[in-house]
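Asks: Given next are the chains, with one letter for each unit.
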Amino acid sequence: MESDEEDFVFFGTPIEREEDITSRKKKSIAEASGQLRTLAPWKQEVRDEEGRRRFHGAFSGGFSAGYYNTVGSKEGWTPQTFTSSRKNRAEFKQQDLSNFLDDDEKAELEGNSLGTSMKFDTFGFTAADMARKQVEKEQNERPSAIPGPAPDEIVVPATDPIGVKLMLKMGWRRGHSIKSSKTSSLYDARREARKAFLALSEDAKAHAAGPAHADMDDTMETSSELLTDGVSQLHKTTPVYVLNPKQDMYGLGYDPFKGAPEFRDNKRSHLPGNKVSGQKSQPSKKDGLFSFKSRNVAPGFGIGALEELDAEDEDVYASNYDFETFVEEIEEPAKLAIEDKKKTTVKQHGILPGFKPATNSDFQLERFDPPVVPKDFVPRHKFPTTPEATPKMTELPPKEVPPPEDNNLKVLIEGVATLVARCGPLFEELSREKHQSNPMFDFLNNGNGHDYYKRKVWEARQKHGDKVKPLFKEKVITQDINTQRKMTAESRGNILGEKALERSVVKDVPVPVPVPVTVTETVNLQFHLSDTFTEPASFVEPTEVTKPFQHDTAKQERFEQYMKEKYHGGLRTKDAGGSSKMSESARARERLEFEAAAEAVTLGKWGSQSQSQSQPSGQQILGVPGGRGLQFTSGGSEACSSSSIIINKKLEVNRGEEVMKKSMFPKREEFQWRPVSILCKRFDLIDPYLGKPPPPPRSRSKLDSLIFMPDYIKAATKDEKTNANLPISQLDDILEDNVEVENVERPVDLYKAIFSDDSDDDMASLNITQSESEDPTKKIEAAANSTLSRLVAGDFLESLGKELGLEVPPEYQPPPIQKPKSTLPETPQVSQSQPQNHEKKDTKVERKGSDSEEERERDRKRSKRHRSRNRSGSESDEYRDRNSSRRKERKKDRSSHGKHRKRESERKSRRDEERDYGDGKREKRKWRD
Amino acid sequence: MSTEDLPKNEAQVLKGHEGAVLTARFNKDGNYCLTGGKDRTIRLWNPHRGIHIKTYKSHGREVRDVHVTADNSKICSCGGDRQVFYWDVSTGRVIRKFRGHDSEVNAVKFNEYSSVVVSAGYDRSVRAWDCRSHSTEPIQIIDTFLDSVMSVCLTKTEIIAGSVDGTVRTFDIRMGRELSDDLGQPVNCISLSNDGNCVLASCLDSTLRLLDRTSGELLQEYKGHTCKSFKMDCCLSNSDAYVVGGSEDGRLFFWDLVDASVVSSFRAHSSVYEFGKLEDHNAAIEACAFNVCFVESCEQDWFPFFLEVKYMYH
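These protein sequence lines are chains A and B, in that order.
Taking numbering that gives the first Met the number 0, the leading residue of the first sequence gets 0, the next gets one more, and so forth.
Taking numbering that gives the first Met the number 0, the leading residue of the second sequence gets 0, the next gets one more, and so forth.
With the rest of the complex left out, here is chain B:
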């Protein structure tokens, strides 16, 4: 994939959310896309045709993260209502609600076999929930973090989580050890490289940092965007050639992985914030945002209106 192949504008605009869109995730094969937002719904889309397929309603507060199993049969989601929801895709019913987080849940992921949901919360903990048993208690609580856990990633044997305390912690289940990489800056979002050897961490000092996972070395820093106070996603392209990240000014940035130069950047959203997520499917790039048009009324009220998910690929 050369630089020219990088997406430059949106392919589709998914309209339907009645509030800010906080997360957007592709499914495994890249045919569908799930979004969650402040309107307390999760929506399933066919982003290629721009069709809204289904709405999942049950959350009591905003939806912050959503993840779908490899076989597309289940969804897990989390949000401001301190619960992790485990959904059935086709019926749209909640199979289980995992309660236990003491505060908002920031991120949620399935493991490889879709048997465990791992969630990261504002209560400084990462919790693992069993989907197979009927218990709604967490099977493991990891509470070594010193501050809110923003993002979590899973490999076959590890749980990796990034926290505002500035650490990226790797919990190796096979070895039974915890590796803590202190970056010195609040970590916003983490993302694994496709080969699994590196982890990309988006820090609140407007820098993306690429770490070698085995040694904990800092391989590269990517700068140029703005990321100071909001959670924004970052990821690597399928070929691991580019680093993608969002900026608070509504732009999407592409860096060259090796020399950390900004290869391309474009305005993805007319407003603040967005997630970039590069999918393994023919370089489709998803970016979602809450795109707010403020409508002014005579009394100088502010109405957040007209929200959309943007989604693009070349």
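Next comes chain A alone, as it looks inside the complex:
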């Protein structure tokens, strides 16, 4: 076969047989899906998608191309994106009309070719093109000395491109950069970040000393920064190319001052028509300085980068033609020139070059006199808060007027005048309104004694001018913004919207009462608000109220509130004179106290006002250190005796309280607390309760925390607990003795029918004696639960049953074997209701229980506990026992609430008492723990 085939020449692709293809395909699919056993890489064959063996070409190894038929190499596998050359083999080349045209034909065509209009020449390309063409044309017409096309750099567009024009119109100037603010801000941000970074590193000083070191550390940052530094310089200005016209007769590139550059400037300044010689000299000098070296070095010849320059190294080729100078002259940035110009101008104080400062000048600085104040001008300026600040001083004193005959009127006028002097005209207005109908106050409305009043006001003002003002200021200042120091913490906090911490501890009560978080905020807030935002006149009065209750801020606040209300009338808040948490009697007592204190304060105030202007106050005896702005610091002993007595009394009382408190606090209590095991783990401690059963979940229901248990119930429930754990069979004989069934008439079976699981529960509870392995507490709990629900529904169902007139359905009859007292099967009503009701009855039972019974119970309990310990280890743990019973008790308590409505009222009153005592919650908690 093989030899035969060699003799023939084949054309086209042979037709393959069907089954061949399919089998191959199958194989390839199977291989692809990894169904075939994978061979070692070098044994595998490379196949195409048709399943044929792939041929790699003769030169690349035939059928065994690559590294053992893999695409890898000995060194490893290097993937490469493969693009087939089959599909895009020959690039399709764009053909153009011009490819097929002769030169003359092209020239012909050029006449009517399309070109961009100069109008829309944004970048000036077209203009440049045109210029170039123009040059070329000229060149063709008269061949110049320099053959070949002109270089692009030389050819400059004749007109400004439209873009430049637009920019110029928008205010751009040549030489300035078009800098976007965005980039700069980015740079700034980067710079900031770098600064912060530098700050972070502790050896920042070292950084500062050696910036190179810093660069090593954060190459990225610094390099970019350096770059930006450089760029930012460049950014500011783009170079404007200044073309220096050739003005000498030397050959192109010849520099006569090559050996002596310092002469160049000299020469230039002497050039005729060079107006800007002064300016030019500077840059060229500079140029000469830093390009000195480079001038001698020809590009690309002779010297290595690191070699020193020597006379011998001078390039022979560069000796005559110094391209460098030429280029530099052209490319010299205008910015330098501008800068230098600035420098020079600064140096010469704005004198134009070529000018000299004049020795004498006609120029005179014109001075204007301040405007003349008219003679009749009264500098009046009204301030709403500080009324007597300036105008009073300029006021002319009213005439001296004899006092009115009426002595009462005189006293009144004097009093009002002093007050007005102290409190400002607002007070006057207020009192005017207040006493409009009162004829005694006519003097306020230009009536009788008005002149005298005016005079008195003026006098008072003059008299206390200095004294009053600081005092007044101090009061007003709490509102005044310039004096933030005088602000109290409260007012500031209020302004900032901060809530002051509330005291939950009431001081008047010796035992701290737990008060919920919500306290009478509104009162405080109101007070503070009025504190800060009322007008001065109304403001003065509460501040003048001295503080007899300084030791107790809450009380003081209440007192102030009271005073304010007293003075202004107005609406009284509902709980005025006492916080809502106080009892009625305490509130009344406090009210009395306040009244007394207020009287004392007012007396003291009036008395003191007649004597001196400073505010003497007996309250200063209290002398709380650090009395601040609002309080009056001057001490006076001549306070009214009554006030000081009252206050001293109060003080004594409070001292007593304090002593009591000191003896009481701090009070230490200890409770059991159970940390979660994971907490112990995280704190790397051993769980103290390791292996013990988890505590019962604390019930956080509202009811739970609301019910306060009276003591007698607690006692009862404690006893009950012992009872509850007893096997019910034993209980029965106790019950037998002293239970008069309280609610026989209650259709127990009605709810039994509804709460069908009750019977099961009962069954279970009855079964306890037999099934010793069961946890008794659990059952009892369940039973308690059911009783609870039953009792809650009790009243409702009773009435329902009565209304509907339902018949009592026949009871479930427990099998007589299970009943310990099998002698009583025939009395269904009573005996059946007994086991159901015993749960709630035993409360009663215990209350009545005699000593002997208790003893019996204890015995039973002991024995039972003993048994339970033997029975099963952890389940009937004491801990659990206690807790479950505790829970049950609570429920019991609740149930009893539901049931005994009649008793509710008495109990309620008792509970109220307890709440007044105030420690219900705590009591309960202690007990719980």
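Simulated from the structure, these hints should not be mistaken for lab results.
By construction, the Cβ of each residue, glycine as well, lies at the ideal position given by its N, Cα and C atoms.
You may find that some hints are simply not true.
As the list claims (entries may be wrong) - Here are the simulated BS3-like pairs of lysine-lysine, each with C-alpha atoms no more than 30 angstroms apart in a straight line:
hint: 1; chain 1: A; residue 1: Lys666; chain 2: B; residue 2: Lys108
hint: 2; chain 1: B; residue 1: Lys14; chain 2: B; residue 2: Lys108
hint: 3; chain 1: B; residue 1: Lys27; chain 2: A; residue 2: Lys194
Unchecked claim - Which chain A residues face chain B? A few, computed with CB under 10 angstroms, are given here:
hint: 4; residue: Ala195
hint: 5; residue: Phe196
hint: 6; residue: Thr552
hint: 7; residue: Arg667
hint: 8; residue: Phe670
hint: 9; residue: Trp672
hint: 10; residue: Arg673
hint: 11; residue: Val675
hint: 12; residue: Ile677
hint: 13; residue: Leu678
hint: 14; residue: Cys679
hint: 15; residue: Lys680
hint: 16; residue: Phe682
hint: 17; residue: Asp683
hint: 18; residue: Pro687
hint: 19; residue: Tyr688
Fit chain B to the known structure of chain A by using the hints.
Replies: Just chain B, lined up with the frame of chain A:
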């Protein structure tokens, strides 16, 4: 450290907060300082050079407390948004947000191994949060408090918290018991002595009280400052020789530990309130405040402006 060595004026003013500064805490070695404030940011500073390094933004309300781990890698913070944030210091990202407090969170602390964050809140509870697991549920809730819990301190084995109900409660994890010391006055801030034997409690009756932790006895009372309605920090100096506390009038008070006399006091802030925190690092004292200048406009508006953290050491 003698009395003369006590700081007398500020060493540096850290400006940058756009609102009241509510807390400032040094890191363990005292090189950096974290502040949190009403502008809902936490800021990291180099207080010695007065440089602001980083700002942590994510809180929805004011930041009330912040604490940093011993290795300076993590921050926990809390505030008015009822959440406890667990941050990565370098990236500034929030690693976890612990939700569960029913109200504002007043204080937050890491435990010794930085594995647990303990927070105290206005909802009368102290909650412990696990940083190691991905759970955002508290691993323990302590809710025996009767009122807002203001401050919390941790030792190796105990959680100590002070509450407005007037108690300082110590939860001993090793013993499994709770000790409640009733001071009869709302407790504002608590601070442990460096030897761990005493706890200093700042009460709202303008008194600092020093309690013996083992017996619960009142060792000393420090008075003279004003603290009636705001939370202000208090602490003991490194040598336990002095007691430091802030006053509502913007002053910082130093008391002698033993005889409770005011050794030194100076105006640290021109306004209301401040925290003092003495750090274990060369007696640097940090005090922060919101220093408010009220700018008056014509319409008698009030602008709280120009806020700064003050920081001082001798």
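Asks: Hint check: is the beta carbon of A:Phe196 less than 10 angstroms from a beta carbon of chain B?
Replies: 9 angstroms, holds
Asks: If you take the shortest Cβ to Cβ gap from A:Thr552 to chain B, is it below 10 angstroms?
Replies: With a minimum Cβ separation of about 6 angstroms from chain B (threshold 10 angstroms), the hint on A:Thr552 holds.
Asks: Would you settle whether the hint for A:Ala195 is holds or violated, based on the nearest Cβ-Cβ distance to chain B being less than 10 angstroms?
Replies: With Cβ-Cβ at 6 angstroms, under 10 angstroms, it holds.
Asks: Should the interface hint for A:Tyr688 be scored as holding, given a Cβ-Cβ cut-off of 10 angstroms against chain B?
Replies: 6 angstroms, holds
Asks: Does the CB of A:Ile677 sit less than 10 angstroms away from some CB of chain B?
Replies: 5 angstroms, holds
Asks: So, A:Phe682 near chain B? Judge it on the closest CB pair being under 10 angstroms.
Replies: With a minimum Cβ separation of about 5 angstroms from chain B (threshold 10 angstroms), the hint on A:Phe682 holds.
Asks: For B:Lys14 and B:Lys108, compute the direct alpha-carbon distance and say whether it is at most 30 angstroms.
Replies: Holds, at about 25 angstroms.
Asks: Taken at face value, is the distance from the CA of B:Lys108 to the CA of A:Lys666 at most 30 angstroms?
Replies: Between A:Lys666 and B:Lys108 the Cα gap is close to 26 angstroms, so the pair holds against 30 angstroms.
Asks: So, A:Arg673 near chain B? Judge it on the closest CB pair being under 10 angstroms.
Replies: 6 angstroms, holds
Asks: Does the interface hint hold: is A:Phe670 within less than 10 angstroms of chain B, judged Cβ to Cβ?
Replies: 4 angstroms, holds
Asks: For the restraint on A:Cys679, tell me whether the closest CB of chain B is nearer than 10 angstroms.
Replies: Since chain B brings a Cβ to about 6 angstroms from A:Cys679, closer than 10 angstroms, the hint holds.
Asks: Identify whether the interface hint at A:Val675 stands, where standing means a beta carbon of chain B within less than 10 angstroms of its own.
Replies: 4 angstroms, holds
Going down the numbered hints, you'll see the structure goes against none, and every one checks out.
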